[in-house]
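So the protein lines, in turn, are chains S and X.
Per my numbering, the very first residue in the first sequence carries number 1; after that it's consecutive.
Per my numbering, the very first residue in the second sequence carries number 1001; after that it's consecutive.
Hint data in this document are derived by calculation from the structure and do not stem from the laboratory.
Glycine included, each C-beta is placed from N, C-alpha and C at the ideal position.
Some hints could be false.
Unchecked claim - For each label pair, taking beta carbons as the anchor points, the in silico distance ranges come out as:
# : chain 1 : residue 1 : chain 2 : residue 2 : range
1 : S       : Q287      : X       : R1108     : 29 to 37 Å
2 : X       : D1310     : S       : A234      : 17 to 25 Å
3 : X       : G1331     : S       : G231      : 55 to 63 Å
Unchecked claim - Below, a sample of chain S positions facing chain X; criterion: calculated Cβ distance under 7 Å:
# : residue
4 : A24
5 : S66
6 : P194
7 : A242
8 : F322
9 : E325
There are 2 protein chains.
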Amino acid sequence: MSHSERTLLGPGPSNPYPEVQEAAARPLLGHLDPEFLQVLDSVTEGLRAVFGTSNTLTFPVSGTGSAGMEAAFVNVTAPEDVVVVGVNGLFGERMCDVAGRCGATVVRVEAPWGTPLDPEAVLRAHPAPSVIAVVHAETSTGVRNDVAAIAAGKGDALLLADCVTSLGGTPVALDAWGVDLAYSATQKCLGVPPGLAPFSASERAEAALLARPRSWYLDLQQIRRYVVGEGARAYHHTAPTAMIVMLDAALRRIREEGLDEVWRRHEECGRSLQDGLEAMGLTLFAQQGHRLPQLTSVWVPEARLPDGLDEAAVRRLLLDRFGVEIGGGVGPFAGRVWRIGCMGHAARPRTVALLLAALEEVLT
Amino acid sequence: MSHSERTLLGPGPSNPYPEVQEAAARPLLGHLDPEFLQVLDSVTEGLRAVFGTSNTLTFPVSGTGSAGMEAAFVNVTAPEDVVVVGVNGLFGERMCDVAGRCGATVVRVEAPWGTPLDPEAVLRAHPAPSVIAVVHAETSTGVRNDVAAIAAGKGDALLLADCVTSLGGTPVALDAWGVDLAYSATQKCLGVPPGLAPFSASERAEAALLARPRSWYLDLQQIRRYVVGEGARAYHHTAPTAMIVMLDAALRRIREEGLDEVWRRHEECGRSLQDGLEAMGLTLFAQQGHRLPQLTSVWVPEARLPDGLDEAAVRRLLLDRFGVEIGGGVGPFAGRVWRIGCMGHAARPRTVALLLAALEEVLT
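Here chain S stands alone, though its shape is the one from the complex:
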């Protein structure tokens, strides 16, 4: 049993860094092993660096990015709390659903998919929300929202930011911006398989944690006693040790390459991909000036699809012929947009060149 080698240029997962593949082969450690606890401390330090924070409560949630989203909301949202959510894509929609299940009164502030949120509109939406929530990098559209501008006007609210597709790819600066709760995912720009949700909470957020949130599994005060290395480690749930060892390898790799250089590499590859697509005559979906380099959305060129093939068949052809995975659109843009990621280890000139060449060959 083996399987094909893929160049993963969809919206995630991306190809892991080689150091992560190497770490995957190491012998397994227990969650209370002193050697593993050193790895966990190293991961929390590495996450603070990429998140741009000194928050004590910084660690990987034992689930995928959406578990990070749920952990963020469920620990600070009591029934009837007012939560303002910026919605300009699928993950803003998801935030409304998650906050609603916590019993919150959700105030939606919308912008059309493909355009950024208006920070002023988000800040004007309610006079005294307990939480303002926005997606930094909308994976569904390839748009960057201005988290810094929204955080600057948050007032007494907690600012909650989805950094799933931004972390490790483009600048994130929780402390400088004033973000109180942030989560990400390992399978995007961090270059690790899916399964963990890097997470960080400010002191203000910690002070607002519910004593007994609806979720036992995601109860931050209980998890804190294990992940924060102050004295004895209290068992809460068994940490996914193999995944955390892989995340450590990625964070060390990013530190060695240099965070500025990693961001530059993502920026360069994304721009080069977007220029290349436009040079082929394709039309980018996300509004100019607000495009993410690590996640490019482009209109499906209907007139140039090969005879008898729809856009899904073309993606399948790229996969079967070149081993290249790209993503389709979601929500109202399913079947109409492609999403192409250049994230983590896949953010390289050679993957951009491969994708453009393969697309050129497939399209008529």
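Please build the complex by placing chain X on the supplied structure of chain S, with the hints as guidance.
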């Protein structure tokens, strides 16, 4: 960066099967890749075999065993529902906490730690509970509870069973017993790193699923549209593909060895370990006739600890000198009991021999 090789004989994680280590090195697949979806289908088939069920909704939850527990309760428990919970260890206690956070009225039926639940007492506890919940193999004590006897008298209630430490080590037969909701974990007898919670729900449980459970991440009706291969796969959250590929390798390994043979191997190793500990003059903790082979609890022999070392220091000595991890006690038995697992790949005569020899050398 590497780390030490361990023989993992604690309460989990156990050492992965070699086939799992091999699978960890394979190239990563995306969660919608046709090759990955074949792996997912293979995993659901393999899980049905070890769970002893034909339940359609059988899949790995994207979290550790406690996420499986939360998924089981949160999808069927509405506020004011009566939930009867058998409590004879830490994980029965945890069930009460999780059910309570769902708003349930929890009826506890206790038995002393180290002894099994009385099935009649569990069944008599309430005339019409909506859920009866029990732990099959109590990892905190090494005791097996009689799930079959409790399931046989469940009436109109749903029977919910924690199979975290039993699955893949001792017989589990959801359909024959009449269990409606069951969850497990990968890092015990299945021989996979921690990070997934195998899960299964009967048709009766599916009919009782809440339309909008408190958890978005663990919403079974939404997850079903992705994991059950009937037509298009609806994206819910990004499946932890690398972990699922590892679980597939373990389930194939178990199928090749034969489930009966795997159970026999666990039984043989556990009995041999327990006989060996008693031959050394140590006293087993769990009541005779109700002991799990895969998880042995033994009183710490205070009089035989080396001068100046407490039980935790002895465990540390086993780790440093022999690379052998065993577990301490929890709850009221912290510092008083050791827990020794022989699970998955670690259920072998050579690990039993190593543990007994190492302990013999360390104790006075």
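Cross-check of the supplied hints:
Distance hint check: the CB atoms of Q287/S and R1108/X are about 57 Å apart, inconsistent with the given range 29 to 37 Å. Judged by the Cβ atoms, the range 17 to 25 Å given for D1310/X and A234/S holds: they are separated by roughly 18 Å. At about 19 Å, the CB distance of G1331/X to G231/S disagrees with the hint of 55 to 63 Å. The interface hint given for A24/S holds, since its Cβ lies 4 Å from the closest Cβ of chain X, which is under the 7 Å cut-off.
At its closest, the beta carbon of S66/S sits 4 Å from a beta carbon of chain X; the interface hint therefore holds under the 7 Å criterion. Annotation: interface hint on P194/S holds; nearest CB of chain X at approximately 5 Å, less than 7 Å. The beta carbon of A242/S is positioned within 7 Å of a beta carbon in chain X (closest approach about 4 Å), and the interface hint is therefore held. For the restraint placing F322/S at the interface with chain X, the shortest Cβ-Cβ distance is roughly 14 Å, beyond the 7 Å limit, so the hint is violated.
Annotation: interface hint on E325/S holds; nearest CB of chain X at approximately 5 Å, less than 7 Å.
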